[in-house]
Amino acid sequence: MKTKINILILILLFSIFIYVFYYALSSNTKNNPQVMVNKKLPNIELTSLFDQEKKISLPAKSKDLFYIINIWASWCVPCRDEHSFLMRLKDEQKIQIYGINYKDSSSNAILFLKNLGNPFYFVGLDVDGKNSIELGAYGVPETYIVNSSGIIIFKHVGPINENIYQKIIEIIK
Amino acid sequence: MKNWICIITFISLIYFQSTSASTNRELEIYKNIRCLVCQGQSIHDSNSDFAKDLKQIIKNKIDANESNEIIYQYLADRYGDWILFNPPIKKTTLLLWLIPFSVLIIIAFALYKKTIFKRE
Amino acid sequence: MISSSLGGVSLIIASALTVWTLFLFCQSWLSKTNLYFKNYIFFFRASFVFILLSFVLLVLSFINSDFSILSVYENSHTDKPFFYKISGTWGNHEGSMLLFILVISLYGFLFSLFSNHIEFKLRSTTIFFQSLIQLIFLFFLIFTSNPFEKIIPIPNQGLGLNPILQDPLLAIHPPFLYLGYVGFSLVFSFLLAGLIVNQYDENWAVTAKRWVFLPWTFLTLGIGLGSFWAYYELGWGGYWFWDPVENASLMPWIAATALIHSILVMQQSKKLFNWTAILTILTFVLSLFGTFLVRSGILNSVHAFANDPRRGLFILLIISLITFIALIIYILKSSHQKNNDSSGFIIFSREFSILINNYLLIFALTVVIIGTTYPILLSVFTGDSVSVGPKYYNTILAPFIFIFLILMAMGPYLKWSKNSLSSVKYKLLSFLLVSIFLSGVASVILQKENTIFWLGLMCSFYLIVSLVYEPFYLQFKNLNYARLVSHAGFGVLMLSITLNYFFSKELSSKIVLGQSVLLEDTKITFIESSSKKGKNFDELFGHYEIEKNNVKTVLKPSIRKYNQPQQFTSETSIQSQGLNDIYIAMDYSSDPSTGIGIRFYYNYCIRLIWLGFVLITVGGLLSFLQRRNENKN
Numbered sequence: 139m140k141t142k143i144n145i146l147i148l149i150l151l152f153s154i155f156i157y158v159f160y161y162a163l164s165s166n167t168k169n170n171p172q173v174m175v176n177k178k179l180p181n182i183e184l185t186s187l188f189d190q191e192k193k194i195s196l197p198a199k200s201k202d203l204f205y206i207i208n209i210w211a212s213w214c215v216p217c218r219d220e221h222s223f224l225m226r227l228k229d230e231q232k233i234q235i236y237g238i239n240y241k242d243s244s245s246n247a248i249l250f251l252k253n254l255g256n257p258f259y260f261v262g263l264d265v266d267g268k269n270s271i272e273l274g275a276y277g278v279p280e281t282y283i284v285n286s287s288g289i290i291i292f293k294h295v296g297p298i299n300e301n302i303y304q305k306i307i308e309i310i311k
Numbered sequence: 000m001k002n003w004i005c006i007i008t009f010i011s012l013i014y015f016q017s018t019s020a021s022t023n024r025e026l027e028i029y030k031n032i033r034c035l036v037c038q039g040q041s042i043h044d045s046n047s048d049f050a051k052d053l054k055q056i057i058k059n060k061i062d063a064n065e066s067n068e069i070i071y072q073y074l075a076d077r078y079g080d081w082i083l084f085n086p087p088i089k090k091t092t093l094l095l096w097l098i099p100f101s102v103l104i105i106i107a108f109a110l111y112k113k114t115i116f117k118r119e
Numbered sequence: 003m004i005s006s007s008l009g010g011v012s013l014i015i016a017s018a019l020t021v022w023t024l025f026l027f028c029q030s031w032l033s034k035t036n037l038y039f040k041n042y043i044f045f046f047r048a049s050f051v052f053i054l055l056s057f058v059l060l061v062l063s064f065i066n067s068d069f070s071i072l073s074v075y076e077n078s079h080t081d082k083p084f085f086y087k088i089s090g091t092w093g094n095h096e097g098s099m100l101l102f103i104l105v106i107s108l109y110g111f112l113f114s115l116f117s118n119h120i121e122f123k124l125r126s127t128t129i130f131f132q133s134l135i136q137l138i139f140l141f142f143l144i145f146t147s148n149p150f151e152k153i154i155p156i157p158n159q160g161l162g163l164n165p166i167l168q169d170p171l172l173a174i175h176p177p178f179l180y181l182g183y184v185g186f187s188l189v190f191s192f193l194l195a196g197l198i199v200n201q202y203d204e205n206w207a208v209t210a211k212r213w214v215f216l217p218w219t220f221l222t223l224g225i226g227l228g229s230f231w232a233y234y235e236l237g238w239g240g241y242w243f244w245d246p247v248e249n250a251s252l253m254p255w256i257a258a259t260a261l262i263h264s265i266l267v268m269q270q271s272k273k274l275f276n277w278t279a280i281l282t283i284l285t286f287v288l289s290l291f292g293t294f295l296v297r298s299g300i301l302n303s304v305h306a307f308a309n310d311p312r313r314g315l316f317i318l319l320i321i322s323l324i325t326f327i328a329l330i331i332y333i334l335k336s337s338h339q340k341n342n343d344s345s346g347f348i349i350f351s352r353e354f355s356i357l358i359n360n361y362l363l364i365f366a367l368t369v370v371i372i373g374t375t376y377p378i379l380l381s382v383f384t385g386d387s388v389s390v391g392p393k394y395y396n397t398i399l400a401p402f403i404f405i406f407l408i409l410m411a412m413g414p415y416l417k418w419s420k421n422s423l424s425s426v427k428y429k430l431l432s433f434l435l436v437s438i439f440l441s442g443v444a445s446v447i448l449q450k451e452n453t454i455f456w457l458g459l460m461c462s463f464y465l466i467v468s469l470v471y472e473p474f475y476l477q478f479k480n481l482n483y484a485r486l487v488s489h490a491g492f493g494v495l496m497l498s499i500t501l502n503y504f505f506s507k508e509l510s511s512k513i514v515l516g517q518s519v520l521l522e523d524t525k526i527t528f529i530e531s532s533s534k535k536g537k538n539f540d541e542l543f544g545h546y547e548i549e550k551n552n553v554k555t556v557l558k559p560s561i562r563k564y565n566q567p568q569q570f571t572s573e574t575s576i577q578s579q580g581l582n583d584i585y586i587a588m589d590y591s592s593d594p595s596t597g598i599g600i601r602f603y604y605n606y607c608i609r610l611i612w613l614g615f616v617l618i619t620v621g622g623l624l625s626f627l628q629r630r631n632e633n634k635n
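Chains as they are written, first to last, in the working numbering: chain A, 139 to 311; chain B, 0 to 119; chain C, 3 to 635.
Read the hints as simulated data drawn from the structure, not as lab findings.
Quick caveat, the model's predicted, so the values are computed rather than measured.
The beta-carbon is built from N, C-alpha and C at its ideal position, and this holds for glycine as well.
Do not rely on the hints blindly, as some may be mistaken.
[Said to hold, decoys possible] For lysine-lysine, the following BS3-like pairs were computed, each having C-alpha atoms within a straight-line distance of at most 25 Å: (1) A/228 with A/192; (2) A/178 with B/89; (3) A/268 with B/58; (4) C/507 with B/51.
[To be verified] Here are the simulated distance ranges between beta carbons: (5) B/100 with C/201: 38 to 46 Å; (6) C/14 with A/291: 54 to 62 Å; (7) A/218 with C/505: 50 to 58 Å.
[Stated by the list, open to error] What the simulated footprint calls covered on chain C by chain B, stretch by stretch (three residues with Cβ under 8 Å from a Cβ of chain B suffice, anywhere in the stretch; the number is not a length): (8) 235-241; (9) 364-373; (10) 378-392; (11) 505-513.
The task is simple: from the sequences and hints, build the whole structure.
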C-alpha cells in the first residue's frame with residue numbers, strides 16, 4: 139500500500155514536470171530583456187555624429203513625458219526595416235528619439251540618414267560598443283522608452299514591427 | 000633626469016608588453032560570464048564581437064580595481080543573473096541547494112530504515 | 003529521385019508491418035494460443051528490414067545529393083566531402099530520428115534472435131512492447147518529421163552542412179549514443195513484459211543484465227567520444243562543461259549504472275525488485291527526456307539541435323504516454339510480485355554496500371537533473387533566469403565521489419547476505435595505508451598541498467589498490483574481469499580528473515608575429531603564418547613554437563573560413579607529451595593589427611582521462627565475453 143502511495147506521488151510529480159515543460163516550450167523567454175525595465179537609465183555621455191565638439195549625457199533632462207533611445211547601425215539590415223517606424227514616431231508622435239550609432243563608420247552613418255531620413259533628435263556615437271553595454275544592450279537594433287525621471291519603462295530587442303509600434307504608441311500616450 | 004625618464008619608459012614598455020596576456024583573475028571572470036549571442040559559451044570561449052566588447056569592459060574594471068562582486072553585479076543589473084554561470088545565492092536560487100540537501104536526508108533516512116544491524 | 007519515394011514507401015510499409023505485428027499479437031493473446039507466434043516474429047523482423055532499407059535509402063540520397071528531398075537540400079551540398087555526406091544523414095533532426103527508430107528496431111530484432119531460451123510468453127510480450135514503441139516513433143516520424151519529404155521545384159544546390167559538424171568524431175558519435183540510450187528501450191519492454199506475464203523475478207534479472215550492459219557500453223563510449231570531440235574541436239581546452247546537452251546523455255548513464263547494480267542484487271539476493279523496476283523505467287524515460295531537451299529548443303547550448311517547439315511538444319506527449327503506461331502497469335502488477343523488498347539489508351554485506359552506492363548514484367542523478375532543468379523551471383514559475391555552471395556540479399558532487407570511490411573499493415570484499423566486514427578489516431585498512439602513502443608521495447613530488455587534491459588522489463588510489471589486490475585475494479579463480487576493468491576505469495578516471503584539475507595551466511593573450519609570451523616555464527613564440535585552400539574552406543595557419551625545458555615543438559592551429567554557409571571556425575593544434583597535452587587555439591579577430599589572440603593550454607594527465615573512458619567501455623564489453631561465473635563473487 140505504501141509503495142502504491144509512493145508511486146502515485148511519483149505520477150503526480152511527473153505530471154507537474156510534464157506540464158511545466160509544456161508551458162516552458164510555449165513561452166520560451168530564454169533571454170530576458172526585461173531586466174532593465176523599471177530601472178534607472180545608466181549615465182552615459184555621447185559625442186554627436188555630426189559635430190565632434192557637441193556632447194550630451196543621458197538620461198536627458200527632457201521636459202517631455204517620454205523619450206526614446208534607439209541603437210542602430212548602417213550595416214544592420216533590420217535597422218533599415220524598422221527605420222520607417224522611427225520616422226513615423228518622429229513625425230506623427232512628435233517624440234524625441236536619441237539615436238546611438240553602434241560600431242559604425244561616421245560617413246556611412248551620415249549617408250544612411252541622408253538616404254532614409256533622420257528621425258533622431260540627436261545621434262551619438264558608440265564606436266566600441268561600450269555605451270550600449272552600459273545600457274544593457276547586446277546587439278542592434280534595440281529600442282528603449284525612458285520617462286522624464288530617467289526610468290526605463292520599455293525595452294525591445296530587435297527591429298520594430300507594426301505590433302511593437304502600436305505598443306509604443308500606447309505607452310507614450 | 001633624462002636617465003630616470005629612460006628607465007621609467009623602459010620599465011613601462013616591459014610592463015605593457017606583459018599585460019597583453021590575460022591574468023588569472025581575468026580568465027576566472029571571463030569563464031564565468033555567458034556570451035549572450037552564442038549558444039552556451041562563455042565570453043572566454045567565444046569569438047563574437049559582443050564577447051570581445053564585454054571582455055574589454057571587464058578588463059577596464061579590473062584595472063580600475065573593482066572587485067569581482069561589483070563587476071558581476073554590474074553585468075547582472077544589465078543582463079540578468081542569466082549572464083553569470085555561477086548562480087548567485089538568492090531567494091530564487093535557494094532551491095538549487097535545498098533540493099539536493101533534502102534528497103540527501105531522505106536517502107540517509109531510507110538507508111537507516113533498511114539496515115539490519117546484525118553482528119556476525 | 004526514385005530513392006526518395008521508395009524511402010517514404012518503405013517507412014509506410016514498416017509501419018504497416020508493425021501494426022500487423024501488434025494485431026497478430028493481440029489476436030494470439032485473446033485466443034490464448036500461440037498459433038500466430040511464428041508469424042508475428044516474422045512480421046516484426048520484416049518491419050526491421052524495411053526500416054533498415056529506408057535508412058539506407060536516405061543515406062544514398064545524401065550521397066547522391068538528391069536535392070528533391072527536403073532534408074538533403076537543407077543539410078547537404080555537392081561540395082561536402084563523401085564521408086560527411088553520409089554523416090549528414092543523421093546530422094539533422096529528421097534523419098537522426100530515423101536512426102533513432104532504426105536502433106529501436108535493431109534491438110528488437112536482436113532480441114528476437116537471441117531469446118530462444120526465454121519462455122515464449124515473456125519473449126513475445128517483450129516484442130509486443132518494443133513494436134509498440136517502434137510504432138509510436140514511426141508515426142511521429144512520418145507525420146511530423148518525415149526525412150523523405152519532397153521539395154518542389156527541385157533546387158540545384160543544397161544549403162550546406164554546418165562546418166562544425168564536418169568532423170570525423172562528431173559524425174560517428176550520434177550512432178554510438180543512440181545505440182546507447184535508445185537501446186534501453188529493450189530492457190524497458192522486457193520489464194513491462196515481465197510484469198504483465200508475472201515472470202519478473204531473478205531469472206528475469208539474469209537475462210535483463212545483458213540487455214542493460216549492451217546499451218550501457220555504447221553509451222559510455224558515446225559520452226567519451228563526445229567529450230573527446232569537445233576537447234579537440236571546441237577550443238577551450240576542457241572536456242566536460244556540464245552543458246545541458248552533455249547532461250542529457252549523462253542522466254540515463256547514471257540511472258543505467260544504478261540499474262546494473264540493482265539487477266545484480268536482484269539476481270544474487272532476490273531483493274530490490276521494486277528498485278530495479280523503477281530504475282528501468284527511469285533509465286528509458288531519461289533517455290527520452292534527454293532527446294526532448296536537445297531537440298525542443300528549450301535549452302541554450304553549443305550542441306543545440308534543430309530548435310522546433312512544435313516537435314518538442316510531440317516528443318513531450320510521447321514521453322508522457324510511454325511513462326504513464328509503464329507506471330500504470332508497474333502499479334497494477336507490483337503487488338503480485340513475490341518480492342522481499344520489505345526485508346532489510348544486513349549491514350556490511352555486499353548488497354548493503356551496493357545499496358549505499360545506488361543511493362549515491364541517485365543523489366548524483368538528482369543533482370544533474372536539478373542543475374539542468376532549474377533554469378527552465380525557474381523561468382516558467384517566476385520569469386527570472388539563472389544559469390547553472392560547472393562550479394555548482396563540481397562543488398556538490400566532489401565529496402560524494404570520494405565516498406563512492408571508497409565504497410566501490412570495499413564492496414567486492416564483502417560477502418553476500420552476511421556482515422563480513424571484520425574478516426577483511428585488516429586488508430581494507432592496509433589498502434588505506436597504501437593509498438595514503440601513495441597520495442602523500444604524489445603530493446610531495448608534485449608540490450601540491452590541497453585537501454581536496456589529496457582526498458581525490460587518496461580515494462582513487464584506494465579503489466585502484468583494492469582492484470589490483472583482488473586477483474591475488476581470489477587466487478586468480480573466478481575473476482570477474484568485467485567488473486575489475488570497469489571499476490578500474492572509473493578509478494583511473496577520477497584520479498586523472500583530480501590531477502588534471504589541479505595541474506592544468508592556461509594562458510590567453512594577444513600576440514603579434516615575432517612576439518613571445520611566457521607561461522611559467524613555457525615560452526610561446528609566434529614564428530610564422532601560412533595559408534591553405536581546402537575543399538570548401540580557406541585556412542590560415544599560425545605557427546607557434548613552444549619551448550619548455552629546452553625542448554621545442556611547433557604547433558599550427560588555424561582559422562577556417564567556410565563558404566556554404568559563410569562561417570569561421572577555429573581549429574586547435576594539440577600535441578601529446580607523455581600523458582599531457584600542449585594545446586593551442588587561435589581567436590579570430592576582426593582587427594588583426596592588434597595581434598591575433600591565442601589560447602594556450604597545458605592539459606595535465608588528459609590522456610589518462612581518455613584511458614579511463616576506454617577502460618570502462620572495455621569492462622562493459624568484457625561482460626559479454628566472460629562466462630557466467632559471478633555466483634560467488
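Hint check:
no., hint, verdict
1, A/228 with A/192, "holds (22 Å)"
2, A/178 with B/89, "holds (22 Å)"
3, A/268 with B/58, "holds (12 Å)"
4, C/507 with B/51, "holds (22 Å)"
5, B/100 with C/201: 38 to 46 Å, "holds (40 Å)"
6, C/14 with A/291: 54 to 62 Å, "holds (56 Å)"
7, A/218 with C/505: 50 to 58 Å, "holds (53 Å)"
8, 235-241, "holds (count 3)"
9, 364-373, "holds (count 6)"
10, 378-392, "holds (count 9)"
11, 505-513, "holds (count 6)"
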